[in-house]
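Number of protein chains: 2
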Amino acid sequence: MAESEYQHPNNLPTIRFGIIGCAAIARKLARAISLAPNATLYAVGSRSLAKAEGFAALVGLSGAVKTYGSYDQVLDDPCVDAVYLPLPTSLHVHWAVVAASKKKHLLLEKPTALDAAELDQILEACRFNGVQFMDGSMWLHHPRTCKMKELLSDQRVFGQINYVYSTSTMTENPEFLQNNIRVKPDLDALGALGDTGWYCIGAILWANDYKLPSTVQALPDTTKNAAGVILSCTASFQWSISSNTATIHCSFLSHTSMDLAISGSNASIRANDFIIPHKEDSALFEFSCGAKFAELHIGWNMDPKEVRVECDMPQEALMVQELARLAQGIKRYGHQPDGKWPEISRKTQLVLDAVRRSIDLGFKPIQL
Amino acid sequence: MAESEYQHPNNLPTIRFGIIGCAAIARKLARAISLAPNATLYAVGSRSLAKAEGFAALVGLSGAVKTYGSYDQVLDDPCVDAVYLPLPTSLHVHWAVVAASKKKHLLLEKPTALDAAELDQILEACRFNGVQFMDGSMWLHHPRTCKMKELLSDQRVFGQINYVYSTSTMTENPEFLQNNIRVKPDLDALGALGDTGWYCIGAILWANDYKLPSTVQALPDTTKNAAGVILSCTASFQWSISSNTATIHCSFLSHTSMDLAISGSNASIRANDFIIPHKEDSALFEFSCGAKFAELHIGWNMDPKEVRVECDMPQEALMVQELARLAQGIKRYGHQPDGKWPEISRKTQLVLDAVRRSIDLGFKPIQL
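Just so you know, the sequences run in chain order A and B.
First residue of the first sequence: 1, per the working numbering; consecutive thereafter.
First residue of the second sequence: 1, per the working numbering; consecutive thereafter.
FYI, nobody ran anything at the bench for these hints, they're computed from the structure.
Careful: at least some of the hints might be erroneous.
Said to hold, decoys possible - In silico BS3-like links for lysine-lysine, alpha-carbon gap of 25 Å or less:
hint : chain 1 : residue 1 : chain 2 : residue 2
1    : A       : Lys340    : A       : Lys103
2    : B       : Lys184    : A       : Lys292
3    : B       : Lys224    : B       : Lys184
4    : A       : Lys364    : A       : Lys147
5    : B       : Lys51     : B       : Lys184
6    : A       : Lys292    : A       : Lys305
7    : B       : Lys147    : B       : Lys279
8    : A       : Lys292    : A       : Lys149
9    : B       : Lys340    : B       : Lys103
10   : A       : Lys279    : A       : Lys149
11   : A       : Lys305    : A       : Lys279
12   : B       : Lys149    : B       : Lys51
13   : B       : Lys279    : A       : Lys292
14   : B       : Lys103    : B       : Lys211
15   : B       : Lys305    : B       : Lys292
16   : B       : Lys224    : A       : Lys292
17   : A       : Lys347    : A       : Lys147
18   : A       : Lys305    : B       : Lys364
19   : B       : Lys364    : B       : Lys224
20   : B       : Lys305    : B       : Lys331
21   : A       : Lys279    : B       : Lys292
22   : B       : Lys103    : B       : Lys364
23   : A       : Lys340    : A       : Lys364
24   : B       : Lys224    : A       : Lys211
25   : B       : Lys211    : B       : Lys147
26   : B       : Lys347    : B       : Lys149
27   : B       : Lys364    : A       : Lys364
28   : B       : Lys305    : A       : Lys305
29   : B       : Lys211    : A       : Lys224
30   : B       : Lys211    : B       : Lys347
31   : A       : Lys184    : B       : Lys347
32   : A       : Lys224    : B       : Lys292
33   : A       : Lys279    : B       : Lys305
Let the sequences and hints guide you as you build the complete structure.
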């Protein structure tokens with residue numbers, strides 16, 4: 001039985017993925033697709049056949065995986081059900097729209113587009129063609145994320161969310177900061193804001209049940225490279241109705257961090273590896289509820305509770321599995337695409353656009 | 001041998017403390033004075049003798065500790081070398097100036113004053129009378145704080161400090177939020193900003209070697225009670241030369257937290273109980289240096305290192321010990337008061353004033 005005809009226990013054939021572009025992260029996704037029980041890697045396409053074959057060799061793909069010397073060939077292959085698209089951001093709108101028009105379900109790497117207007121073209125193409133859209137925010141699929149949400153959502157336990165804080169930083173070398181794809185104005189013009197900031201913005205929206213903030217304001221610490229691409233920035237977010245606040249800090253200039261801290265009236269949650277857990281098989285977060293000072297304020301009445309959440313598949317495989325599950329529903333049962341994932345992406349992009357506009361306007365507050 | 005004549009191993013008599021005002025925190029300080037080997041609690045004064053005696057009984061003070069029915073009697077007692085002053089903030093300037101004029105070394109509870117102009121009166125009185133000034137920021141005296149500073153200061157290890165984040169929050173009940181001394185405009189007009197915010201501002205200045213930020217801006221989430229006293233606020237700070245940033249969040253509306261996170265180009269530090277450690281005998285912080293993603297970004301190359309710092313005396317006793325040590329140097333050897341402590345307090349107060357001004361001006365940036 002060829003890999004692509006493997007039957008999943010639910011008797012549905014697996015969803016066959018094509019990968020468009022052989023970026024480093026595509027290796028991680030190739031592995032994720034191989035781990036997801038309802039997905040198969042069917043084809044890999046690059047700008048040249050040699051590149052695609054080099055990628056297949058590097059990853060150790062089975063000979064059954066097709067290699068193509070163009071993106072179009074992947075999209076024209078009728079056996080490809082879904083595509084993973086890790087191209088530079090400026091190429092997203094073109095290739096994502098083509099993929100949707102060829103009826104391919106779409107797993108699009110973040111940032112989804114250069115701005116919400118571009119993303120809307122992509123989402124409209126997906127809607128028109130009845131294909132599922134999802135962006136590559138893997139952490140949303142980790143069971144830790146669900147567990148944290150469960151605690152956050154229990155108002156009696158957590159109370160009102162008052163403050164969310166998130167960072168995503170990594171130190172890149174000087175050569176990267178001038179020349180890497182991710183800081184080139186013609187390729188990834190959003191720089192650190194689009195790359196690591198996508199996660200921070202996603203996290204504060206996630207914590208707030210995707211209610212958009214009323215006001216977004218960048219702080220004046222933004223650092224850009226010679227080409228004007230953001231290398232580091234900080235921004236604040238206000239929700240006028242509930243009077244809560246969030247701040248994010250994203251950067252290519254600071255030591256690796258991915259902190260998420262959520263402060264409620266009765267409890268708090270912290271995870272310091274929320275985007276990529278330290279280990280694959282489980283992830284931790286700190287949950288604290290009812291903490292008070294001990295008599296005389298000489299200590300606390302409790303330590304924060306360390307909650308460990310086991311994970312039998314890596315979060316990126318769970319993401320692939322979820323997209324494949326939705327694609328199966330559409331393909332086999334005529335379900336509608338799930339509107340949740342495009343909505344999450346669109347709100348993230350809208351808020352990202354607002355941060356960028358605030359920076360462009362000299363750190364003015366932007367009303368949403 | 002009476003307690004007040006006890007000889008410390010260095011052959012200096014202990015420094016004899018008076019406490020002015022029997023606030024709840026005075027109980028903690030009475031214990032701290034009893035634990036500090038170079039200090040003795042000599043007298044306690046309240047607005048009535050009954051209150052002072054009630055406090056002495058509650059704390060279980062030895063009969064040798066004098067009780068006075070007025071603050072003046074404590075300050076007029078020639079045997080009192082130093083006073084601890086935990087009165088409401090609006091009373092600080094009067095009583096601190098009187099104490100200094102009576103040549104008493106001064107341990108002043110935070111916030112030191114309603115504004116820097118008031119604090120300057122206090123500091124000038126201390127300078128004029130040659131007495132030591134110190135505010136009640138206990139955490140600065142914990143050996144954990146020194147250990148973190150050691151790591152931060154090693155540029156080869158930590159690199160440049162890019163971002164500092166600090167919170168200090170606690171949930172108070174509705175009755176407190178309208179009626180407690182700490183939210184009364186005529187007593188503690190600075191509310192949560194003066195109370196928990198003092199620590200946050202102190203922490204970001206400490207991390208930045210007490211370089212003042214160039215710009216201070218409150219975020220528009222400030223919450224006030226009916227009397228206009230701040231219950232919760234967030235603020236951001238920019239240092240123009242080094243392009244680093246800090247944010248703080250202080251509140252009486254959120255679950256107990258006291259987070260400090262410092263992000264450098266090569267390393268990061270986190271402590272989630274930086275003001276009052278969970279336990280008295282030791283305190284933890286997380287230190288991470290050289291963290292990278294593992295191959296394929298499917299995890300990290302390391303976990304953050306948990307650093308435990310033992311503490312043989314509580315931080316408040318170390319604070320008392322340090323004030324007493326300086327007072328001994330002045331009293332016995334004619335040393336000058338140490339200018340470090342007044343400077344730390346004054347810079348903290350200046351930045352606090354700027355946050356308040358930003359709030360009063362509708363969240364405008366304030367240049368320092």
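Output the indices of the hints that this structure fails to meet, ascending.
When the structure is compared with the hints, numbers 4, 12, 14, 18, 20, 22, 23 and 31 turn out to be violated.
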